[in-house]
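Visitor: Sequence:
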Amino acid sequence: MVDQAYVKKIKAQLHQAGFKLTPQREATVVSLLQNETGHLSAEEVYLLVKESTPDIGLATVYRTLEILTELNIVNKVSFNDGLIRYDLRREGAQHHFHHHLQCMQCGKIQEIHEDLLHDVERLVEQQYHFEVQDHKLTFQGLCADCQRHNREVKAAAAQEKKE
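Residues in the sequence shown are numbered from 30 upward in steps of one, following our numbering.
A couple of the hints might just be wrong.
Said to hold, decoys possible - With a straight-line Cα cutoff of 27 Å, these simulated DSS-like cross-link-like pairs (lysine-lysine) come out:
| hint | residue 1 | residue 2 |
| --- | --- | --- |
| 1 | 137 | 37 |
| 2 | 165 | 105 |
| 3 | 79 | 105 |
| 4 | 38 | 137 |
| 5 | 79 | 38 |
| 6 | 165 | 183 |
| 7 | 49 | 37 |
| 8 | 79 | 49 |
| 9 | 79 | 37 |
| 10 | 79 | 137 |
| 11 | 40 | 79 |
| 12 | 40 | 105 |
| 13 | 38 | 183 |
| 14 | 105 | 137 |
| 15 | 183 | 137 |
| 16 | 137 | 165 |
| 17 | 105 | 49 |
Calculated from the structure, these hints are not laboratory results.
Take these sequences, add in the hints, and give me the full structure.
Guide: As structure tokens, then:
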């Protein structure tokens, strides 16, 4: 279910910046809201939007995502897989408010919704006289499913050796 109040706030942000919430932009925003944890690439957003708005073009989705990024409605995120992905910025967040866990085996991405770096930001600002405006953190490792799978494969291989 799409949070219409949030869509209205985004519409107000666009209007304040001199943009309209066109049907194509609204379809893009709705697709992002419906897939909030999906970390979608522009192409994936395009395919989702095309389901409800068949006449939309990929260039329109790219332009919309760029506008939403400029207005800090979405964040661009890169997970070293060559794709730029888009993440909705949580309402009221002063900066990229959540962090990610990226499985290096299966590629699954999980979110951590706590701001784990608040104290680090303050330390950086005090010790280095640097005004932190944003930060991003991605932990890379193995998810629970891949760890379990690897243990099972290892156990099966050890069992075969015994036989």
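Visitor: Run every hint past the structure and note whether it holds.
Guide: Evaluation of the provided hints:
| no. | hint | in the structure |
| --- | --- | --- |
| 1 | 137 / 37 | violated (32 Å) |
| 2 | 165 / 105 | holds (10 Å) |
| 3 | 79 / 105 | holds (21 Å) |
| 4 | 38 / 137 | violated (31 Å) |
| 5 | 79 / 38 | holds (23 Å) |
| 6 | 165 / 183 | violated (34 Å) |
| 7 | 49 / 37 | holds (12 Å) |
| 8 | 79 / 49 | holds (20 Å) |
| 9 | 79 / 37 | holds (22 Å) |
| 10 | 79 / 137 | holds (25 Å) |
| 11 | 40 / 79 | holds (21 Å) |
| 12 | 40 / 105 | holds (20 Å) |
| 13 | 38 / 183 | violated (52 Å) |
| 14 | 105 / 137 | holds (18 Å) |
| 15 | 183 / 137 | holds (21 Å) |
| 16 | 137 / 165 | holds (18 Å) |
| 17 | 105 / 49 | holds (22 Å) |
Hint compliance for this structure: hints 1, 4, 6, 13 are not met, and every other hint is.
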